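Visitor: The chain contents come next:
Number of protein chains: 2
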Amino acid sequence: MPAYKAPLRDMRFLIDHVFDFPAHYAALGATEASPDMVSAILEEGARFCENVLAPLNRPGDEEGCHFDNGVVTTPKGFKEAFAQYVGGGWHGLAADPAYGGQGLPSSLGLVLSEMIGSSNTSWGMYPGLTHGAMSAIHAHGTAEQKDTYLSKLTAGQWTGTMCLTEAHCGTDLGIIKTRAVPQANGSYAVTGSKIFISAGEHDMSENIIHLVLAKLPDAPAGTKGISLFIVPKFLADSGARNGVSCGSIEHKMGIKASATCVLNFDGAEGYLIGEANKGLNCMFTMMNHARLGTGMQGLCLGEASFQGAIKYANDRLQMRALTGAKAPEKPADPIIVHPDVRRMLLTMKAFNEGNRALTYFTAQLLDTAHLSDDPQQRQQAEDLLAFLTPICKAFMTETGLEVTNHGMQVFGGHGFIREWGMEQLVRDCRIAPIYEGTNGIQALDLLGRKVLGSQGKLLRGFTKIVHKFCAANAEHPQLKAQVAQLNELNQQWGELTTKVGMAAMKNPDEVGAAALDYLMYSGYIIHAYLWLRMALVAQAQLDAGQGDADYARGKLATCEFYFKRLLPRTSAHRAAVEAGSDCLMSLPAEMFAL
Amino acid sequence: MPAYKAPLRDMRFLIDHVFDFPAHYAALGATEASPDMVSAILEEGARFCENVLAPLNRPGDEEGCHFDNGVVTTPKGFKEAFAQYVGGGWHGLAADPAYGGQGLPSSLGLVLSEMIGSSNTSWGMYPGLTHGAMSAIHAHGTAEQKDTYLSKLTAGQWTGTMCLTEAHCGTDLGIIKTRAVPQANGSYAVTGSKIFISAGEHDMSENIIHLVLAKLPDAPAGTKGISLFIVPKFLADSGARNGVSCGSIEHKMGIKASATCVLNFDGAEGYLIGEANKGLNCMFTMMNHARLGTGMQGLCLGEASFQGAIKYANDRLQMRALTGAKAPEKPADPIIVHPDVRRMLLTMKAFNEGNRALTYFTAQLLDTAHLSDDPQQRQQAEDLLAFLTPICKAFMTETGLEVTNHGMQVFGGHGFIREWGMEQLVRDCRIAPIYEGTNGIQALDLLGRKVLGSQGKLLRGFTKIVHKFCAANAEHPQLKAQVAQLNELNQQWGELTTKVGMAAMKNPDEVGAAALDYLMYSGYIIHAYLWLRMALVAQAQLDAGQGDADYARGKLATCEFYFKRLLPRTSAHRAAVEAGSDCLMSLPAEMFAL
Chain P
-4 MPAYKAPLRD MRFLIDHVFD FPAHYAALGA TEASPDMVSA ILEEGARFCE
46 NVLAPLNRPG DEEGCHFDNG VVTTPKGFKE AFAQYVGGGW HGLAADPAYG
96 GQGLPSSLGL VLSEMIGSSN TSWGMYPGLT HGAMSAIHAH GTAEQKDTYL
146 SKLTAGQWTG TMCLTEAHCG TDLGIIKTRA VPQANGSYAV TGSKIFISAG
196 EHDMSENIIH LVLAKLPDAP AGTKGISLFI VPKFLADSGA RNGVSCGSIE
246 HKMGIKASAT CVLNFDGAEG YLIGEANKGL NCMFTMMNHA RLGTGMQGLC
296 LGEASFQGAI KYANDRLQMR ALTGAKAPEK PADPIIVHPD VRRMLLTMKA
346 FNEGNRALTY FTAQLLDTAH LSDDPQQRQQ AEDLLAFLTP ICKAFMTETG
396 LEVTNHGMQV FGGHGFIREW GMEQLVRDCR IAPIYEGTNG IQALDLLGRK
446 VLGSQGKLLR GFTKIVHKFC AANAEHPQLK AQVAQLNELN QQWGELTTKV
496 GMAAMKNPDE VGAAALDYLM YSGYIIHAYL WLRMALVAQA QLDAGQGDAD
546 YARGKLATCE FYFKRLLPRT SAHRAAVEAG SDCLMSLPAE MFAL
Chain F
-4 MPAYKAPLRD MRFLIDHVFD FPAHYAALGA TEASPDMVSA ILEEGARFCE
46 NVLAPLNRPG DEEGCHFDNG VVTTPKGFKE AFAQYVGGGW HGLAADPAYG
96 GQGLPSSLGL VLSEMIGSSN TSWGMYPGLT HGAMSAIHAH GTAEQKDTYL
146 SKLTAGQWTG TMCLTEAHCG TDLGIIKTRA VPQANGSYAV TGSKIFISAG
196 EHDMSENIIH LVLAKLPDAP AGTKGISLFI VPKFLADSGA RNGVSCGSIE
246 HKMGIKASAT CVLNFDGAEG YLIGEANKGL NCMFTMMNHA RLGTGMQGLC
296 LGEASFQGAI KYANDRLQMR ALTGAKAPEK PADPIIVHPD VRRMLLTMKA
346 FNEGNRALTY FTAQLLDTAH LSDDPQQRQQ AEDLLAFLTP ICKAFMTETG
396 LEVTNHGMQV FGGHGFIREW GMEQLVRDCR IAPIYEGTNG IQALDLLGRK
446 VLGSQGKLLR GFTKIVHKFC AANAEHPQLK AQVAQLNELN QQWGELTTKV
496 GMAAMKNPDE VGAAALDYLM YSGYIIHAYL WLRMALVAQA QLDAGQGDAD
546 YARGKLATCE FYFKRLLPRT SAHRAAVEAG SDCLMSLPAE MFAL
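Chains as they are written, first to last, in my numbering: chain P, -4 to 589; chain F, -4 to 589.
What the hints contain is simulated information worked out from the structure, not anything from laboratory work. Check each hint, because a few of them may be wrong.
Intra- or inter-copy, both count: the list cannot distinguish identical chains.
Said to hold, decoys possible - Here are the simulated lysine-lysine pairs, DSSO-like style, with alpha carbons at most 27 Å apart:
no., residue 1, residue 2
1, Lys306, Lys141
2, Lys0, Lys306
3, Lys306, Lys172
4, Lys74, Lys147
5, Lys172, Lys321
Note that the structure is a prediction, hence the values are computed from the model and not measured.
Let's have the full structure, built from the sequences with the hints guiding it.
Guide: Here is the structure:
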């Protein structure tokens, strides 16, 4: 495993310059997020992730989780690292101070999340799921429920889960079979079996609070008949063991140190949270955050892979440069001299830094949606979030998977060998395009629900920003060509959307046929916008003789690379969108047979 | 693991119609490859692969190989399957009858190879490597060497390996350190350590014959000082154990049932094969075959993945079709109704069937190069092979990896779980873009050595075929639009090549910068040509009311899909080729640092 170093220089470039976090926090009145606090979090967070979490990553993959008669043991060191994490106050960083949190903005929590995910994605699942459960209880719980659960969850004394999937349904939650029957004492008896429950059972906390989707006896069919329940492993009042048990854990391709559990609920005592039959809505309120978190796994693992790949490309000696020996004193040149190795490294760098910028851009919107006093500003942030969330989830995980595969390829045969750690990053990343709503589902959400469902309004909310940006920078001495390229794509984006929308009015299959390529097309344009924002700042720093000139030149070169070699992929995606649904649907299902 | 069924219908379509194997064999005088013989091989081969090899695939992955003090044990059943395979005469199918082989054309061996690779890629490595060793000895060994080794290798009593890579060099064989010192008896004492040796040690055969690259004491530096040696595990005459031992086996991402060995040669007795210092040339003579074999792993694993995915997509019920319920009697529709699932399935089908066509097209060239009496025809076949081989290796493995990833995605969360078998196909496939020369190296071979190195002659050898094909079918009633599209791309291909060639004359880095995208661009055009060849036959069958109409319509629909949704990727690759090397090379290596 390559040693992980938090990419603080790139983080600071975005925080201090591109997205001006100090001004952003000041505008939202988030005074506790002072520049000193931000620096402390970056530096101390980096230290914790580099020194505590990263060394546990490879061993955790090799050891995996253990299951023995309902008891799950996490890999060696995981429990201790969790204790250190909660002891350091990291768990409550962005949590409500009313329950012991530090009340810092979500965006800072995400900055920390990136470092955690890069150093140990599996480990990060345990606090990650707990944060999800905390948000749900915070948003929908009664005062009593909050008092009962939130302090202990914030303190990390207890952890949480989200129990949605059943063996016969993942995407299609309308057909879940888990039942909740009202009891005399106001609680519910929850019975059913859930699968793929991350952190469903483990040894890192005293208690586990499950948030469970189930149906009431009289519930309407489909998604409108799903309710959400709190089902603790141990009852909060009596401490008695509840009727929920772990039946087994899955053997997976990756994130092996994250326990993925089958949970059997056998008349377990549960408490309704939020309104009856509105359980899915309760879940959806935290989807933006969870989906951004999943998208970030693409960034996190991509960053870890990039760090391994640049080190290896500088160390590994193999062949001579096509233009003549670059290290004649050595038996061969380091492979970073070869253009094709650079193509892979730059692709990794461009996607990672673009994804980090997208994360920070979106994280600021989360802050605004939570903290702004201005309802219009909040609404605008919500709209942009609704639009960007499926793109973050799917585009960042697709590109993350590409990045980790490049990183492995840079290592040649050694990339395939477990001890080098590069293949683990591919395996760990491979789940991200699948869970938290497959990327196909994200694409439908984007094109069907968000873009066409708003008659294009949510798209225009973003293209207007790009349009203004392009207008303001149309004459930029060094970057005007790229600004013009972005401007043209931005216009084309709207036209393409109109075309799909017209076709979809006649045939709803057109939405599904176009969706994934439309999402990828959109992602490339958004990255282009973010790359130009970064390039503008880098160029300004160079012009002013400020900052680290080498770093700024690296940004500009990567921006140029992105525009020349990655952005043209939009043309292939556009063609696929325009191809329509006939060439997908004309073949009867039977004809797929061998 | 989805049950494997050999895709005999598609194979027969290519063999009997598109590539007319009977006429091809007749023209080469390969009378032993009669239609009856071909049918027997297809049917019996399918039976063996489906019933014997496929059931060992998942358990083999879980169990892996065992290493104990130099002894390697393959997974349960592997040894017995090998005995059955050699007992059935499969091992010598395409081997020289002078040494007990059946002397059938290479193309038939490859047809069998596909079935083996789809049912159990790891297992297939053992006979696969042996075939490589046999070719080398056949092509370069003395009569005595052939007599000593070939019969037993053909009979599968012994197996073989290829020992090239060392810890510090894979691509760059010029810097190998293994030494061979001449001995008084005419043999050589071989000393050094080789890594990544597939089938380097195992329990499936009595003896293992290693083909080892090493340097003579007075050898010139670099690749011109490498010689090839036969180093048996047990000496052929005395049966004494030779000084070669397995130091360990690798823990890998995939192909876990294939033993990947560190081999330590400690003054082992070896025999020079071929001329001194010409070892690399000896290896290269079998590269075409080995690289095609590796390329086929993309097809094989892609086919296995497709079979799993179509079954699952027809069985799994989830959500309703966007156009209204298709299976109203069930709780949800099978997911094959969803356009995005079809996009994945059709992408898989299009790449697999295109790759199979490419394999058969290339396999016929191999036959012609080996068997034709006409030197001009042989040369033409050799030229086309030289051109197509790196494309087969790289394009088929890149697309194979994409295909296996789609197959896994179709399964949603279940795709990530080992017991379903879909993720194993991704892991097993992931090595194929790396070994047998990374795809980056293939791309350099294609663009630098083959295309530009021949002043475009090798490319023109292929584009002429396409040009003639397009001219002959320009007025085809149903397919003329696609023919025109192919014709335009075929012209553009030449122009793009000229452009890169001009740039490369000024700066050799232009070759490396363009190579991978140039290769992918070429692969898409070649697939387009092959898809049209298949579509023409399918359309003719439909018009004539011959053959299986559903199947023919499936071919035509998949061809349309390919042209509309996959072929446009050429535009992105072309743009990347045209981007040139500056945007790759301008960034100093230090600036990649964090």
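Visitor: Hint by hint, note whether the structure agrees.
Guide: Results for each hint:
no.: 1; hint: Lys306 to Lys141; verdict: neither (47 Å within a copy, 46 Å between copies)
no.: 2; hint: Lys0 to Lys306; verdict: within (12 Å within a copy, 44 Å between copies)
no.: 3; hint: Lys306 to Lys172; verdict: between (50 Å within a copy, 24 Å between copies)
no.: 4; hint: Lys74 to Lys147; verdict: within (17 Å within a copy, 57 Å between copies)
no.: 5; hint: Lys172 to Lys321; verdict: between (65 Å within a copy, 22 Å between copies)
Checked against the numbered hints above, the structure breaks only hint 1 and satisfies the rest.
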